[in-house]
Amino acid sequence: MKTSRIALAASLAITGTIAATAAQAQVSDNAVRIGVLTDMSGVYSDLAGPGAVVATKMAIDDFVAREKPAFKVELVSADHQNKADVASNKAREWIEKDKVDVLTELVTTSVALAVQKLVKEKDRIALISGAASTRITNEDCNENTVHWTYDTYAVANGTARAVVKQGSSKWFFLTADYAFGHSLEKDAAQVVTSNGGQVIGTARHPFPGSDFSSYLLKAQASGAQVIGLANAGGDTLNAIKQAAEFGVTPRQSLAGLLLFISDIHALGLKTAQGMYLTEGFYWDLNDQTRAWSKRFFEQHKRMPTMVQAGQYSAVMHYLQAVKATGSDAAGKVMAQMKKTKINDFFATDGYIREDGRMVHDMYLFKVKSPSDSRYAWDYYKPMQVIRADGAFQPLSASACPLVKK
Amino acid sequence: MEIFGVPSQALFGQLLLGLINGSFYAVLSLGLAVIFGLLHIINFMHGAQYMLGAFVAWMALQFLGINYWVALLAVPLAVGAFGIAIERLMLKRLAGLDPLYGLLLTFGLALMAEGIFRNLYGVSGQSYPAPEALQGGVNLGFMFLPLYRAWVVVAALGACAITWFLIERTQLGARLRAATEHAQLVQALGLNVPLMVTLTYGAGVALAAFAGVLAAPLTQVNPLMGSNLIIVVFAVVVIGGMGSILGSIVTGLSLGVIEGLTKVFYAEASAVVIFLVMALVLLLRPAGLFGKTA
Amino acid sequence: MKRWIYAALLVAALAAPFVVYPTFLMKVLCFALFASAFNLLLGHGGLLSFGHAAYFGSAGYFCAHVCKVWGWPPELGLLAATAAAAAMGWVFGLLAIRRSGIYFAMVTLALAQLVYFLALQLPFTGGENGLQGVPRGQLLGFIDLNDNLAMYYLVLAVFVGGFALIHRTIHSPFGQVLKAIRENEPRAISLGYAVDRYKLRVFVISAALAGLAGATKTLVFQLASLTDVHWHLSGEVVLMTLLGGLGTVWGPAVGAFTVVLLEDQLASTVGSWVTVIVGAVFVACVLLFRRGIVGELAHWRRRVALLPVHRRVARGTEPATEVAAEVAR
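Protein chains in written order, with numbering that gives the first Met the number 0: chain A, 0 to 404; chain B, 0 to 293; chain C, 0 to 328.
The following block holds chain A by itself, in its conformation from the complex:
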């Protein structure tokens, strides 16, 4: 009899605590509002843009259909035009006026950094998928931000290491002359030298550039085996095209340090074949990725880039955390997100570190030649899986004040 009374008391206590916590932990106005702030019409609109909005919508629809939550989920989106002030303005308005709880996507480093600061000040969450700079998880890290999909270290590391190990040890860098280009060059150069390679020259071109002939000529004259392209978007595409034109390739090879499947699609396999690149996702990797990507394709008419896939993954993880904690308060949700592993089509056993970095496997690919490609969007040959722990900058090297050393 004593046990049953204890059991009764215990269960009452537990129920009472649960009831009390449930009363405290509440989703504000019973609605979770997700803001997708991306580049809808500029240079990054193909790798993020409207596709990222589609991915977010998919995540919300799947979540609501599967979990049938008690709260509403709403989506707002806007074009930041790659301008930090437009983004900061919109984010501020969303937070102060429209009660948006989480800001997502945020391609373009200057945008991401601006919004990152804002969410810390206003106590919201930022889930960064498109932006590349490692600053997000180093000097500018904070507890309200997660850097989800990739960064310059991960892509440079994968590609540079693989290429050097292949035997191409003499490198020449063609770098976009602004912070992003410099950071990509720095990360890649470090990997090259620490793997026994040598950087014999650099050419910095104004951003954006259109004619790379004279830099390519310099690269040709340098005698390097590999030309590392520390730039992105249109610059990379033009450089690759012109390298073929000037006979730089195939004698010297090109390493595109930041390339997306949307870039390969624009270039065509004839020009891009043989290039190495590192990405966090490829639609044709396995059955899970194929299934999800086909659904995405039906809505967007293009195969997803890693940024768009990562966007889905981040939003889904966030929503699950909100449901689990019953709250949309930033601190609680973030704690939950950091506690749970990410297991979906995007990542296996992915987890969020204390510096805000979401750590997951990266993949090294080689672009197929036109003859090897058997169907639409069949662009990549998977070469290597770069395990999560080795793919990203180690915490020991981190400049983030949140990391306890």
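These are computed hints drawn from the structure, not numbers from a lab.
It cannot be assumed that every hint is accurate.
With a cut-off of at most 27 angstroms between alpha-carbon atoms, the simulated BS3-like pairs for lysine-lysine come out as follows [what the hints assert, rightly or not]: (1) A/K98 - A/K367; (2) A/K121 - A/K337; (3) A/K121 - C/K1; (4) A/K121 - A/K367; (5) A/K119 - C/K67; (6) A/K367 - A/K300.
Ranges between beta-carbon positions, derived for each pair [as the list claims (entries may be wrong)]: (7) B/G95 - C/A149: 45 to 53 angstroms; (8) C/P185 - B/A132: 57 to 65 angstroms; (9) B/L165 - C/R311: 53 to 61 angstroms; (10) A/D388 - B/G64: 47 to 55 angstroms; (11) A/D348 - B/G64: 48 to 56 angstroms; (12) B/L96 - C/L305: 22 to 30 angstroms.
Virtual Cβ for every residue (Gly too), placed ideally from N, Cα, C.
We have chain A; now place chains B and C onto it with these hints.
Same frame as chain A, now just chains B and C:
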């Protein structure tokens, strides 16, 4: 052998590249010089018309199977016709007003054209292959010269020469120049001045589109290709002297060379060196290097 | 009559932040000041500057630097930035006014592009990330500007001050001489006016106020970036002035409000079609709407006011010639 610390071979290579780029700048600025020099209209849509030339060529290949050589002639005509429509419907209404309004109108039209193409085609750009006959290249010893680039020099300088000759040395050109200086007088003499103005604008636009077709195999065909170049083109025309065809040709070539040399010695500044030159020229020789009036 | 209108507007402005989202209003006010400063140069001075963003943005960077890195209080930051913009305006003005018309515009563009290049390359501007996290600080040591309401009233005060200065400049002997220079420069010279000195003076005032607007905007958004010195912004301010009404007093402010509103609304709804719509507005403005909103309103008011005169002319009790001249304006 080294010149200023750069091996001479590399320097020659860069100079040649500079000349190639310069000839491209020359033909690109030509249309603008024609329009401003003869019509005193500041055509801010020049960059967008250049982009249209490249895009129409790409679309012609993609949807109609029209090859490069036909496109080189047909596309400038098509885009030129579009230019004529703009002149007839819109620019004519601004005749006699401050040239500022022409500038603003064409600026607005440029925004529209670029915005529409951005929406239709995104910004990653489309690939346009060089024609079979011009693929590959020749090894000059100090560099490998792609055949297509050599062709660009020939085509560009050819277009410049023909245009200059037409305007400065033929009767048609003389009448045109007279019409723009004393429109009423020339009209009283029986020439249809408004028609000449319209056709001249169309011709300037056609030149922009011609440069666009030339450029299509060089870089990705994307909606932003014009706006990246437009201020450079303006700078060339201003430095050359806004009334002078020869001025913009010479300046375009020189600029290509200067830019090329800057890329060798201080690459980061290569985007801005033209503005330095423009500021200097305008302060020392206000009408531009070959300009007629101050 | 006019004083009542100004008083009413002031009251509306004081009450506005309680009704409309204050950050939006602050953005409008900053751009309204920028456009008004630009209009002083173009509409009243007759000088088209293609590179006005250079003063707007540089002052923004300057203010960001002194407030963030040197820890200066906001009022000193604003004053220092305005002084810097004025100095820049003086140097650039000296170089530019030696030419006129389109050449003047091109020189200003060239100089602005140089400024852009410097902003991109110099380490202290933060490159394309810009200077972020600029502290709003405490005004005069005790008013916390992190409170949106307090910040709004500061911005309003800055705008009113700047606008009053412009108004005073226009309606002064100096402004009259400017008008004379704009309408017939050779005659003004022959009357003995040191034309260049007047042009330089108005250039400096315009640049300084543009700088003040830029510095204020930096404090509002706590960010100074390359967009603030890009030539697109120079083009946008022309649009604002044209749309509102070139040469009118209130035109630029109305134009600024319209353009900011348009871009704000369009960014969320239409997304990628913003450029096309802005372009279409430009085109429509130039073809059909050259007087701008305020200009058109003034024109209609005059026509309506002259309606009774029209009738008298029709009846034959008023000579037609004077009326024709009136209405045609």
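Each hint, compared with the structure:
1. A/K98 - A/K367: violated (47 angstroms)
2. A/K121 - A/K337: holds (20 angstroms)
3. A/K121 - C/K1: This hinted pair is violated, its Cα atoms lying about 43 angstroms apart.
4. A/K121 - A/K367: Roughly 47 angstroms between the alpha carbons, so the hint for A/K121 and A/K367 is violated.
5. A/K119 - C/K67: holds (18 angstroms)
6. A/K367 - A/K300: Judged against 27 angstroms, a Cα distance of about 22 angstroms means the pair holds.
7. B/G95 - C/A149: 45 to 53 angstroms: holds (51 angstroms)
8. C/P185 - B/A132: 57 to 65 angstroms: About 59 angstroms separates the Cβ atoms of C/P185 and B/A132, which means 57 to 65 angstroms holds.
9. B/L165 - C/R311: 53 to 61 angstroms: holds (59 angstroms)
10. A/D388 - B/G64: 47 to 55 angstroms: Taking Cβ atoms as reference, A/D388 and B/G64 lie about 53 angstroms apart, which means the hint holds.
11. A/D348 - B/G64: 48 to 56 angstroms: holds (51 angstroms)
12. B/L96 - C/L305: 22 to 30 angstroms: holds (24 angstroms)
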